[in-house]
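S.K.: Protein chains in written order, with numbering that gives the first Met the number 0: chain L, 0 to 283; chain Y, 0 to 387; chain D, 0 to 318.
A few of these clues could be false.
Claimed, not checked - In silico DSS-like pairs for lysine-lysine, Cα to Cα no more than 30 Å straight-line:
{"no.": "1", "chain 1": "Y", "residue 1": "LYS303", "chain 2": "Y", "residue 2": "LYS361"}
{"no.": "2", "chain 1": "L", "residue 1": "LYS106", "chain 2": "Y", "residue 2": "LYS303"}
{"no.": "3", "chain 1": "Y", "residue 1": "LYS177", "chain 2": "Y", "residue 2": "LYS129"}
{"no.": "4", "chain 1": "Y", "residue 1": "LYS19", "chain 2": "L", "residue 2": "LYS106"}
{"no.": "5", "chain 1": "Y", "residue 1": "LYS219", "chain 2": "Y", "residue 2": "LYS276"}
{"no.": "6", "chain 1": "L", "residue 1": "LYS14", "chain 2": "D", "residue 2": "LYS72"}
{"no.": "7", "chain 1": "Y", "residue 1": "LYS112", "chain 2": "Y", "residue 2": "LYS129"}
{"no.": "8", "chain 1": "L", "residue 1": "LYS106", "chain 2": "Y", "residue 2": "LYS14"}
{"no.": "9", "chain 1": "D", "residue 1": "LYS72", "chain 2": "L", "residue 2": "LYS138"}
{"no.": "10", "chain 1": "Y", "residue 1": "LYS114", "chain 2": "Y", "residue 2": "LYS129"}
{"no.": "11", "chain 1": "Y", "residue 1": "LYS166", "chain 2": "Y", "residue 2": "LYS357"}
{"no.": "12", "chain 1": "D", "residue 1": "LYS72", "chain 2": "L", "residue 2": "LYS110"}
{"no.": "13", "chain 1": "D", "residue 1": "LYS125", "chain 2": "L", "residue 2": "LYS14"}
{"no.": "14", "chain 1": "Y", "residue 1": "LYS112", "chain 2": "Y", "residue 2": "LYS177"}
{"no.": "15", "chain 1": "Y", "residue 1": "LYS177", "chain 2": "Y", "residue 2": "LYS166"}
{"no.": "16", "chain 1": "Y", "residue 1": "LYS14", "chain 2": "Y", "residue 2": "LYS114"}
{"no.": "17", "chain 1": "Y", "residue 1": "LYS14", "chain 2": "L", "residue 2": "LYS110"}
{"no.": "18", "chain 1": "Y", "residue 1": "LYS219", "chain 2": "Y", "residue 2": "LYS129"}
If you're looking for bench data, these hints aren't it; they were derived computationally from the structure.
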Amino acid sequence: MAGFFSRARGDSPFKRILIHLLLIFACLVAIYPVLRVLTVSLRPGGSVFSMDLSMIPADATLENYTQILFQSDFWNWLKNSLIVSLSTALVSLILAAPAGYAFSRFKFVGKQPGLVFLLVTQLFPATMLLLPLYIMLIKLSLINTFLGLVFCYMSISLPFSIWILKGYFDTIPIDLEEAAWIDGSTPMGAFFRVILPLSTPALSITALFSFMTAWSEYIIARIVLQNQGLFTWPLGTVTLQGAYYTNWGPFSAAALLISIPVVVLFMATSRYLVSGLTLGAVKG
Amino acid sequence: MAEVKLVHLIKDFGKVQILKGIDLTIPDGEFVVLLGPSGCGKTTTLRLIAGLEEVTEGEIFIGDRKVNNLPPKQRDIAMVFQSYALYPHMTVYDNMAFGLKLRRVQREEIDQKVKATAEMMELTPYLKRKPRELSGGQRQRVAVGRAIVRNPQVFLMDEPLSNLDAKLRVQMRVELSKLHQKLKVTTIYVTHDQMEAMTLGNLIVIMNQGIIQQMGTPGKVYDYPANKFVAGFIGSPPMNFFPAFIDGEEEPFFQMASFRLPVPAQHREVMRGYAGKEVAFGIRPEDITVDQTDSEGRIPVKAKVEVLEMLGAEIFLYLSSPEEAFVADSASEKATSDRYLKLRANPAHSFIARVDPKSPAKEGDIVEVRFNLEKSHAFDGESEEAIY
Amino acid sequence: MSVTTQPAAACAAPRKKPASVRFREHMRRNRLAYILLLPAILVIAIVVIYPFFYAFNLAFTNTNMYNINSPDKTPQYNAGANFTEIFSDPQFYVILGRTVLWTVINVVCHVSLGMGLAILLNRNLKIRALYRTLLVLPWAIPQVIVAMMWRNEFNTQYGSVNLILQSIGLPAVSWLTNPFWAFVAVCIVNIWLGIPFMMIIILGGLQSISPEYYEAAQLDGATAWQQFRRITIPFLKPVLTPAIVLGTVWTFNNLNIIYLITQGGPNNGTQILVTYVYRAAFDYYRYGYSAAFSVIIFLILLVFCLFYIRATRGAGEVT
Ligand SMILES: Nc1ncnc2c1ncn2[C@@H]1O[C@H](COP(=O)(O)OP(=O)(O)O)[C@@H](O)[C@H]1O
Ligand SMILES: [Mg+2]
């Protein structure tokens, strides 16, 4: 028992079983709602309001999936989401990488306040920037455009990306750049030829983070995009269900289709994301 | 290849002056070791030469170019970093080729040069590997290879061997020596390890607290240290120092706290000038003997063996001159002077002797030690400069 | 900040140089920094800094949808009337109280349950990776889907929550129509959602503690609880502190879950500050008022963070 909180070398069999039971229960709680979505998505249209609790309904059908894939705007939503998310990720990265490098390596006027400000943006309630941005977009006639939406997303992803990348660059020893300068490269050249290639993991994670932020975002998209044809998938999927929660089947099918790639991607990278987050945060 | 000249080099970090006026000329093709304790400014000096730090005051010449305001890439130097600073994302080949590529050397020429260097550094089998797939010694070789492949005018090496284990360090030391004999490129090598400096350098420059203390061949700095710092820094175990003052008119002697020793005949002239002044008497551990019989008529001094360190080929004796060993034979006026009282205030003094393993001394023994005064040193009590 | 050592980083020489020379030297050394920063700063100025100040400005006006673009009625500065209105509205204090309650409940549950799971996971189990993957799932699913999914499950008649309750003989609960139960429901969802983040952070922290500390403590006869208090907690503090600050801020500002599940209803019973202000801005178009409200939320969080950081600094760091 002495090692209960530590990495146990030899737990007693009873304790092992207890631990497994607890973990299995926790896993069930974690995945049960997801399994329910699967169940509901397999129900035929007529039996949506079923009180059945079984995992695979007796009359399972792929009807909802065909409806989503072939009779809805699903593909259009995906395309819209992809345009918005890729632009957000790409532009954030292109802007954040040099800025993060400057924050990591140079002393310039306003560096400390700048860093603090980047952190403080994390405290803004969504409306703090969204409302002014919304008014700006209206005045610039950018409402109902992807450009307008990407602008809004940049306000979240850019400060965060700079912070994460700065944290990563801080871990690269300056010797490497100095070696490159002596080898004959300019400071700018050292950044491009040594630092950036070395940072590919951090760059991918940062881009991925920006991508995911935009990809799953609903609250802002709902304000900026009112034209159905421009809907990203979160907007589309929510309309699928409608206000009266009648359309569970197609919604569930769409939700699953969208979630699977996102979840896989997330699982593959969560480890790095967390280390990036804590790295940035600890330094603050 | 080129001469490197530093003219009254000063470097401040904020309000702290780290280098306080370095004047140094390194002859073309020489292998110079910059030696000094940690934090004395060796790395800073090297980085100034490399152009990685900006000079506060003074001038740096490489060849006959003043390079103060040139960026590192225009100084035609190569540097081996303590951490090696190999590019982790490049193969050994690319690490070595990087500088050449940046200088837009023809592809075939790069290939030929890298391969030749790899051959010389015995790295040919590893050319396709990334640095993390190499051992410490191999990485070190790559770092050196990367420096020499460009055939620069000057090599700068900042403690390049300090990350290797003791055995490999000795081996690489020899290889670096050979390499220099082959290439004859002006090399500035920084280390805090005096053994390394003694074995490697044609010339040793000893630094302390941002000031050059002495420059000379290993033999010269060992036998004729310019001041007390150099004397204490070079040699292991270090030189023993005894606080003393000079007494005796015609035949001056060192008056120590508990014993006295005559000034060797050839130095009497200069020491007379120090009559009544404080000095430090210095003697290296190997110039102290504990033989019972003495053929050369040296004066015996009683000392207690506190610790005995057996090293196989030799023994280090940690000795203390016991307080009571001194029997005041003169109640002379000088004996009561302030200076004498000051010495007496701290009479017990420990020192080290390096003796033959056949010596019969045991821990706890009171032995008679004799000093080879011909090899002794004297340092000014105030300036700490060597008197002889 | 670590010492940067490079030609470009050396700070201006201290002695006897006129300001103009120092400025020129600074620019020569750091020109690259400004070049690298410029694009990002331009964009940040447009999408963050300008809106930030705009929000403060807006907070002192009576701007709304009807006067913002109309030629005859232009928005006016109203001398802090928005703030007066907010602070004199009893509803504000109710919602503030609920927000604090929501944040405390969530963060406490995230940390304690996350820590429990991390401790269970932090041992040599053969299928640890599988557990870990399954347990992280709630974090991986897009929040919109999570919210909609749970809204369905909380359906009084057909949702699985009630079906399960009934199957074990408990009465059905009208989750989303009763203010109290609706609040419970959104809390459940958000707790479910937030545990994985804390779990992963804490697991990372636990794995960085060398087992030797525990072995030494066991030799000294420390009980499991003492080991937890004296080794685990102090070592976790460096990761836990920022994680708790982040978690608190995110929960305090979490708009998605409540907005998508209850929209703050029924009867404003699940309204927290951010959902309230979002609706005021985009469902009731009260821009000036909402800006003032946003500023207040921001200031509350800022004060919290300053206090928290000072408090944890004062308590001394683990070395
Ligand atoms: N960038 C810097 N800023 C401030 N002080 C520095 C910097 N670099 C070195 N120093 C200080 O200068 C002194 C000499 O450093 P260094 O040249 O690295 O010594 P060495 O290489 O001889 O050990 C040290 O006291 C060190 O703290
Ligand atoms: Mg050094």
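S.K.: The structure should be examined with respect to each hint, and the outcome stated for every one.
M.R.: Hints, one by one, checked against the model:
At most 30 Å may separate the alpha-carbon atoms for a hinted pair to count; LYS303 of chain Y and LYS361 of chain Y meet this at roughly 10 Å. Proposed proximity of LYS106 of chain L and LYS303 of chain Y is contradicted: the alpha carbons are some 60 Å apart, above 30 Å. Using a Cα cut-off of 30 Å, the hinted pair LYS177 of chain Y and LYS129 of chain Y holds, with the two alpha carbons roughly 27 Å apart. At roughly 26 Å between alpha-carbon atoms, LYS19 of chain Y and LYS106 of chain L fall within 30 Å of each other, so this suggested pair holds.
A C-alpha spacing of about 27 Å is found between LYS219 of chain Y and LYS276 of chain Y, which places the hinted pair at or below 30 Å, so the restraint holds. This hinted pair does not check out: LYS14 of chain L and LYS72 of chain D have alpha carbons roughly 73 Å apart, beyond 30 Å. For the suggested pair LYS112 of chain Y and LYS129 of chain Y, the alpha carbons sit about 19 Å apart, so the restraint of at most 30 Å is met. In summary, the hint linking LYS106 of chain L to LYS14 of chain Y is supported, as the alpha carbons are separated by about 17 Å, within the 30 Å threshold.
Only pairs whose Cα atoms come within 30 Å are accepted, and LYS72 of chain D paired with LYS138 of chain L is accepted, the gap being roughly 17 Å. A threshold of 30 Å between alpha carbons decides the hint, and for LYS114 of chain Y with LYS129 of chain Y the separation of about 16 Å falls inside it, so the pair holds. As the CA atoms of LYS166 of chain Y and LYS357 of chain Y are separated by approximately 29 Å, the hinted pair is consistent with the 30 Å bound. Distance check on the hinted pair: LYS72 of chain D and LYS110 of chain L sit about 43 Å apart at the alpha-carbon level, beyond 30 Å; violated.
For the hint pairing LYS125 of chain D with LYS14 of chain L, the CA-to-CA distance comes to about 15 Å; that is within 30 Å, so the pair holds. Among the hinted pairs, LYS112 of chain Y with LYS177 of chain Y is consistent with the structure: their alpha-carbon atoms are about 19 Å apart, no more than 30 Å. Of the supplied pair hints, the one linking LYS177 of chain Y and LYS166 of chain Y holds, its CA atoms being roughly 17 Å apart against a limit of 30 Å. At roughly 48 Å between alpha-carbon atoms, LYS14 of chain Y and LYS114 of chain Y are farther apart than 30 Å, so this suggested pair is violated.
For a cut-off of 30 Å, the pair hint linking LYS14 of chain Y to LYS110 of chain L stands: about 22 Å separates their Cα positions. Restraint check for LYS219 of chain Y and LYS129 of chain Y: the C-alpha separation of about 44 Å exceeds 30 Å, so the hint is violated.
Figure legend: structure checked against the earlier numbered hints; hints not met, in rising order: 2, 6, 12, 16 and 18.
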